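Residue numbers (our numbering): 6 to 146.
Hints in this document: simulated from the structure, not taken from any laboratory. A quick note: this is a predicted structure, and the numbers were derived from the prediction, not measured. Take the hints with a grain of salt, since some may be wrong.
As the list claims (entries may be wrong) - Calculated pairs, DSSO-like style, for lysine-lysine (alpha carbon to alpha carbon, straight line, at most 30 angstroms):
1. Lys131 - Lys59
2. Lys139 - Lys56
3. Lys139 - Lys98
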Amino acid sequence: MAQGINETIALNGQGDARQLSPLVLAYIGDAYYEMVVRTYVVSAGNMQVEKLHKKVTGLVRASSQAAIARHYVDTEEFTEDELAVFKRGRNSKSHTMPKNAEPADYRRATGLEAVIGFLYLDGQAKRAEELILKGIEYLAE
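Let's have the full structure, built from the sequences with the hints guiding it.
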């Protein structure tokens with residue numbers, strides 16, 4: 006019987022998602038975050054692809070993710086485990102930096118993506134999706 010992608014990836018026998026590098030968690034978290042945001046934008050109604058792209062990029066850019074992360078830290082939205090993963094991701098040393106992002110925003114965005122990746126790989130995709138959707142609502146306020 007074929008395994009689902011989560012069972013295959015769910016660490017491929019490597020153990021706990023907490024043991025993965027925060028940049029690896031952010032890597033998978035970035036992909037999951039963008040997929041949820043794209044699905045959310047498409048579900049809002051049919052529109053031209055250029056308009057979809059503009060809406061999505063506004064939600065996935067580092068400054069938007071950093072604002073969400075700041076809000077979650079300030080309001081204590083993150084659980085203890087999530088906060089620990091966020092701090093590991095935020096404090097990790099990335100070798101790349103987008104030209105249009107402030108370093109502090111990029112680090113916070115990396116922390117948020119690490120949390121999303123951790124939750125996804127830990128079998129908590131519903132919680133990851135909940136955080137993403139709450140973040141979209143926060144940005145809309």
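Hint by hint, here is what the structure shows:
Distance hint between Lys131 and Lys59 is fulfilled; the C-alpha atoms sit about 26 angstroms from each other, no more than 30 angstroms. For the hint linking Lys139 to Lys56, the alpha-carbon distance of about 22 angstroms falls within 30 angstroms, and the restraint holds. Between the alpha carbons of Lys139 and Lys98 the distance comes to roughly 27 angstroms, so the proposed pair stays at or under 30 angstroms and holds.
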